[in-house]
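So the sequences go chain by chain: A and B. Converting from the first sequence to this note's numbering requires adding 622 to each position, the first position being numbered 1. Converting from the second sequence to this note's numbering requires adding 371 to each position, the first position being numbered 1.
Please note that a few of the clues may not be correct.
[Said to hold, decoys possible] With a Cα cut of at most 27 Å, we get these calculated DSSO-like pairs of lysine-lysine:
(1) A:LYS779 x B:LYS472
(2) B:LYS472 x A:LYS769
(3) B:LYS562 x A:LYS938
(4) A:LYS850 x A:LYS938
(5) B:LYS472 x A:LYS938
(6) A:LYS938 x B:LYS618
(7) B:LYS562 x A:LYS850
(8) B:LYS472 x A:LYS699
(9) B:LYS497 x A:LYS699
(10) A:LYS1021 x B:LYS601
(11) B:LYS562 x A:LYS1021
(12) B:LYS499 x A:LYS769
(13) A:LYS938 x B:LYS589
(14) A:LYS938 x B:LYS410
Think of the hints as simulated: they come from the structure by calculation, not from any bench.
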Amino acid sequence: MVNHAMRSLFVLVLLCIMTVCYGSQSDALDNLEVDVSGRINGATHSPPQDSEYKQFEGVIRLDLIYTMDLLDYFWLKLNPRLQFDSEHTSEGGIDDITDNEDTRRSIDLREGFLEYRSRRFDYFLGKRIFSLGKADYFNPSDKINPKDYTDFLDTTKIGVFATGFEAQFGTRSSLDAYLIPFFTKSRVYLTDHRWAILPPESASLADLIQEDLPSKDGENIQAVFRYKAYLTNLDVALVYLRNIDDIPVFLARTQESISQEYRRENIFSVNASTTYGNVEFHGEIAYYNVEEEVFGAFLQYVVGINYFTQDRFFQKELEFIGEYLNGVDTQDPNDQVLVEEAFDLTRTFENSLFFRAEYSATDFSTITFTDLFLCSTTELNNVVRLEYIYNPNDQMNVKLGADMIWGENGTLLEQFEDNDRIWAEVEFFF
Amino acid sequence: MKYRRQTIGVLLLVCMLGGVTTTLWAEQDHVQIQEQLDKGRTIIEEAEQRAEFDAEQTILTMTLHYANGKQRTRHLEIFTKYDEDGNRKNLIRFTGPNDVKNTALLTLEGEKGNDDQWLYLPILRKSKRIAAGAKTRSFAGTDYTFEDLRPEALDRHDYLYTEDQEIDGQPCFVILATPTPEEEPYTGYGKRLIFIRQDNYFPIETRYYDKNETLLKKYTHAELINIGGKTWRADTSVMENVQEKTKTVRVVDERLLPDTLDDMLFTQHELTREY
Chain A
623 MVNHAMRSLF
633 VLVLLCIMTV
643 CYGSQSDALD
653 NLEVDVSGRI
663 NGATHSPPQD
673 SEYKQFEGVI
683 RLDLIYTMDL
693 LDYFWLKLNP
703 RLQFDSEHTS
713 EGGIDDITDN
723 EDTRRSIDLR
733 EGFLEYRSRR
743 FDYFLGKRIF
753 SLGKADYFNP
763 SDKINPKDYT
773 DFLDTTKIGV
783 FATGFEAQFG
793 TRSSLDAYLI
803 PFFTKSRVYL
813 TDHRWAILPP
823 ESASLADLIQ
833 EDLPSKDGEN
843 IQAVFRYKAY
853 LTNLDVALVY
863 LRNIDDIPVF
873 LARTQESISQ
883 EYRRENIFSV
893 NASTTYGNVE
903 FHGEIAYYNV
913 EEEVFGAFLQ
923 YVVGINYFTQ
933 DRFFQKELEF
943 IGEYLNGVDT
953 QDPNDQVLVE
963 EAFDLTRTFE
973 NSLFFRAEYS
983 ATDFSTITFT
993 DLFLCSTTEL
1003 NNVVRLEYIY
1013 NPNDQMNVKL
1023 GADMIWGENG
1033 TLLEQFEDND
1043 RIWAEVEFFF
Chain B
372 MKYRRQTIGV
382 LLLVCMLGGV
392 TTTLWAEQDH
402 VQIQEQLDKG
412 RTIIEEAEQR
422 AEFDAEQTIL
432 TMTLHYANGK
442 QRTRHLEIFT
452 KYDEDGNRKN
462 LIRFTGPNDV
472 KNTALLTLEG
482 EKGNDDQWLY
492 LPILRKSKRI
502 AAGAKTRSFA
512 GTDYTFEDLR
522 PEALDRHDYL
532 YTEDQEIDGQ
542 PCFVILATPT
552 PEEEPYTGYG
562 KRLIFIRQDN
572 YFPIETRYYD
582 KNETLLKKYT
592 HAELINIGGK
602 TWRADTSVME
612 NVQEKTKTVR
622 VVDERLLPDT
632 LDDMLFTQHE
642 LTREY
């Protein structure tokens, strides 16, 4: 606890020092962005998996983003985040470089890295968040960063300590290489939380689960290589990830225990995007060559479109995004007994459609309709979000939304069936 | 009988003369229109050629004026370069305020109007291609569309010289630009009237009409400065949406004219870089 407090204090002191040292310069504070948001969720039902159900929960988040040019060729970015919520899902201070705690930290360094920059070559070192793939929602190769599923409908990426470079070859192609020395798992609740993935009747299974966390040694180093090319009306990327899946798969290797294991995989992926008329097309094919036969190799593919138009009545801008994800087993797993198919989260949303419509209602507001539809059964399995964003000025956003979940038996969404909610959020930028 | 034959003969002669005259007039109209098209094309090409400048870096402020009287301010920097083939490369990056900071647009002019455009959104940390038909959408909430920010697609428009007219006391060529059938599905404009100053070939004003030929926007420039040779720029520009009653005022804060700009500045790598 003392260590946690000391470490969290460290980041804040560092920021203060930087601000004071450069305070005499009039543009010092121009490098600091402050993003404050407060949100209230109102649950419409009592979720059975949350024994301490509260109808309302509140979240306050403070992001400080500090960037600084150093000696013309270096660039520093620090993004500490302070987050508090009424459900106490955030507590404590900054822990190790790897964030393997089940509980979200109240004070965390979301990103913090130093980068050497030139026109043709960049090199960085530090904690960072990456984004791979061309799609808005389904990106099979976007697996560098684990995710925080504390709020299953608003997942956030967790920064990972990494080093790497980005090299340009001419003006139309580049090669990125990243090394992630420490494994970081995704934050997923098993029981006693409104977003717990184990159904209440299986809660006792949690006692049987033994977590097998990859150790911090050389054989668990993860690596990414990505070659990108930008041609006339075609963007292509070839990606290789030597990866440990940050989402566990639950295996019953014996009758008496269930292991929570993290799949080691070599992912080979190709993604591309192009345009035709009003439509932007994008897609990805990713082959997961897994190192242990018990998991089974598989292939995932995504096809998607972005379509822009204007409504016929008010001539306001309207954008549609549609994506479809599916997967195919390419290897029969043997000696495998899964607790639930739904517990392989990487594959849970195969055969799913993602749809979003974004309407610019006025100069200051946007209405968004989002639907994640699981096509795997004949029943209705949907996650629907309706969101209204009001942006009265450059420093503020007001958001109102409603999330509705329909989850049928045999799917991950089954235990989230009663987790509908409405919410309101206010966000300030400085 | 004799008179009937004479009458018929005269009628036939009149018809023939009428037909020949109509054909000649039509031919003359066609020739005249073609001459106007050729002249319009020549003027536009001269204007485009004069607008080329090896390398430019511009720091500017945009003020968005809304119909309800509200205003918002954007700060940007723009890098522009012409390659040896005369193709324009352009990188626009927002430097403030914080909610749009690092949003960037990269435009690479291609052959026959097939430009490549990518938009980088910091919140997604991804760049997205802008489809040809989506270029009619507003750029970052301003009165400029993506189409307005790309080079003049000379091969995809017809340019008709219509007349001379004065704008602010300056004689101008008035050019009517209409999209070709190939371009028509992808443009937001039915036509444009471009007023090009006769002394320096600077397009001092452009009027955009929608597909119902109703005036949609006006683009005007002031405070012209000569940045070298025959090239002029405007330190103040106003894009006004007449129908929505909004306008975007663009004021140049600083203009830098380096000898050249690195081609690597106009890449995805630079587009997605955050500052």
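**Q.** Numbers of the earlier hints that this structure fails to satisfy, in rising order
**A.** 4, 7, 10, 11 and 14
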